[in-house]
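Asker: Under the numbering used here, residues 67 to 307 are what the sequence shown spells out, in order.
One or more of the hints may lead you astray.
Said to hold, decoys possible - Quick list of the computed label-pair ranges, beta carbon to beta carbon:
#1 ALA192 to VAL80: 16 to 26 Å
#2 ALA226 to ALA250: 31 to 41 Å
#3 PRO81 to PRO225: 47 to 57 Å
It is worth saying that the hints were derived from the structure and are not from the lab.
Given the structure is predicted, the values throughout are model-derived calculations rather than measurements.
Beta carbons: idealized from backbone N, C-alpha and C, even for Gly.
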Amino acid sequence: MPYFQVAYCGPAAVPDDLWVRWNTDPLLLAALAVLAFIVASGRSADARAGWTAIALMAVVFVSPLCALSSALFSARVTHHIILIAAVAPLLVRAFPLPRLGYPPLVPVVAAHAVIVWLWHAPGPYAWGLSTVPTYWLMQLTLLGSAWLMWRSVLAPSTPAGPALIALVATIGQMGLLGALIVFAPEPLYGVHFASTAAWGITPLVDQQLAGLLMWVLAMIPYLAAGLWITWSSLRPREPAL
């Protein structure tokens, strides 16, 4: 049975060729270069956050993780976790764009949850990997909705209480999704059926690992953000002059 080929990342990576499977898409590299120029020219609010976001996007889209995510659902989930739980808040720090205003917190948190669940349902997931446009629709909607959510959570005008509730709600919905994936009695993500054997695991084990990553690993950035928000709210503010 041939390995499934993701339209953008290419054929599923195998152990023998993983480290040579770098993505050199010129449009992607040009986009990252433009973003790097913006950060280097001092147009970002937080240059360190901007450079870290660029580095993580290179890991997600340029490094062999792209090809590995064609082979393993667990690698794809790792890709998505990095995108929505690390890249998105870093981009918020680098490019808060306060002039755009801040949408209400509840709708953006709910919309992000719907998008995360939608793209991890077996049918939409397979569709999202089937063509280049749908692949980028998946990536951009995940990142865009996460950016909006983090932007509202980290907004100076958002009180600590609602921000913490939003983070807890996001941890809860991702944990529930991860648990459903872990305890599914059979493999659901058929696009990876032919490629997991090369990595010495079954499709079900790959799926269970993916669920655990979403259930446990993904909560760490949200917990860290919650602790930072709590600490910031407890610090005494300097009196206005």
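Asker: Indicate, hint by hint, whether the structure satisfies it.
Answerer: Evaluated hints:
Between ALA192 and VAL80 the Cβ separation comes to about 21 Å, which falls inside the hinted range of 16 to 26 Å. Look at ALA226 against ALA250: about 37 Å separates their beta carbons, and that is inside 31 to 41 Å. The hinted window of 47 to 57 Å between PRO81 and PRO225 holds, with their beta carbons roughly 50 Å apart.
This entry satisfies every hint, going by the numbered hints stated previously.
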